[in-house]
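Participant: Sequence:
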Amino acid sequence: MATMVPSLTVEEIAAIPSRAEAKVYQAFRDKLPKDFLVFHSLKWILRSDSGKARDGEADFLICAGERALLIVEVKGGGIQVDVATQSWTSIDAQGTRHPIKNPFDQAQSAKYAIRAKLREHNQWTRDHEKLPLGHAVFFPDLRDV
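Using the working numbering, you'd call the opening residue of the sequence shown number 1 and step up by one each time.
For the record, the hints were derived by calculation from the structure and aren't laboratory data.
Even for Gly, the Cβ is constructed at its ideal location relative to N, Cα and C.
Any given hint might turn out to be false.
[Stated by the list, open to error] Quick list of simulated restraints, FRET-style, between CB atoms: (1) Gly95 / Arg67: 26 to 34 Å; (2) Asp49 / Met1: 34 to 42 Å; (3) Glu12 / Val81: 28 to 36 Å; (4) Gly78 / Ile45: 30 to 38 Å.
[Unchecked claim] In silico BS3-like pairs for lysine-lysine, Cα to Cα no more than 27 Å straight-line: (5) Lys101 / Lys43; (6) Lys101 / Lys117; (7) Lys101 / Lys34; (8) Lys101 / Lys111; (9) Lys23 / Lys130; (10) Lys111 / Lys31; (11) Lys43 / Lys23; (12) Lys111 / Lys52; (13) Lys117 / Lys52; (14) Lys111 / Lys130; (15) Lys111 / Lys23; (16) Lys43 / Lys31; (17) Lys23 / Lys101; (18) Lys111 / Lys34; (19) Lys130 / Lys43; (20) Lys43 / Lys117; (21) Lys130 / Lys117; (22) Lys52 / Lys34; (23) Lys130 / Lys34; (24) Lys34 / Lys117.
Kindly generate the complete structure, drawing on both the sequences and the hints.
Facilitator: What follows is the structure in structure tokens.
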């Protein structure tokens, strides 16, 4: 059982606005090894080289001990992509289509922002640069076909 931050009760998990994120939260908590640390809805403020602040958020950050970091973007509902236009949509339970951002771009952007944020820490060293840092996208409402 992984360590979750925040550690949510059953009622708090049920109150997560995204049902897809609630499913993934429970799966990570229950199925990942106990030496894994998982942050849910990780928020940050990153300052660009020009000094402008920008807010960011990752659905999940998984710390696999001191072996690797993985950023996970979660998208619920039916997911469709128009490859020609690279436009993504999520289809809710009522069949309504909602445009969404490219989840792979979101996960990749979060990965680089988190790496930049870590580099701001005074204990971050060149050895830490060797730590594998990846990104992934989960679609927990899609079934295998």
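Participant: Could you run down the list of hints and mark each one as holding or not?
Facilitator: Status of each hint after checking the structure:
no.	hint	result
1	Gly95 / Arg67: 26 to 34 Å	violated (42 Å)
2	Asp49 / Met1: 34 to 42 Å	holds (41 Å)
3	Glu12 / Val81: 28 to 36 Å	holds (32 Å)
4	Gly78 / Ile45: 30 to 38 Å	holds (33 Å)
5	Lys101 / Lys43	holds (18 Å)
6	Lys101 / Lys117	holds (23 Å)
7	Lys101 / Lys34	violated (33 Å)
8	Lys101 / Lys111	holds (16 Å)
9	Lys23 / Lys130	violated (32 Å)
10	Lys111 / Lys31	holds (23 Å)
11	Lys43 / Lys23	holds (20 Å)
12	Lys111 / Lys52	holds (19 Å)
13	Lys117 / Lys52	holds (14 Å)
14	Lys111 / Lys130	holds (15 Å)
15	Lys111 / Lys23	holds (22 Å)
16	Lys43 / Lys31	holds (24 Å)
17	Lys23 / Lys101	holds (21 Å)
18	Lys111 / Lys34	holds (23 Å)
19	Lys130 / Lys43	holds (24 Å)
20	Lys43 / Lys117	holds (11 Å)
21	Lys130 / Lys117	holds (16 Å)
22	Lys52 / Lys34	violated (38 Å)
23	Lys130 / Lys34	holds (23 Å)
24	Lys34 / Lys117	holds (26 Å)
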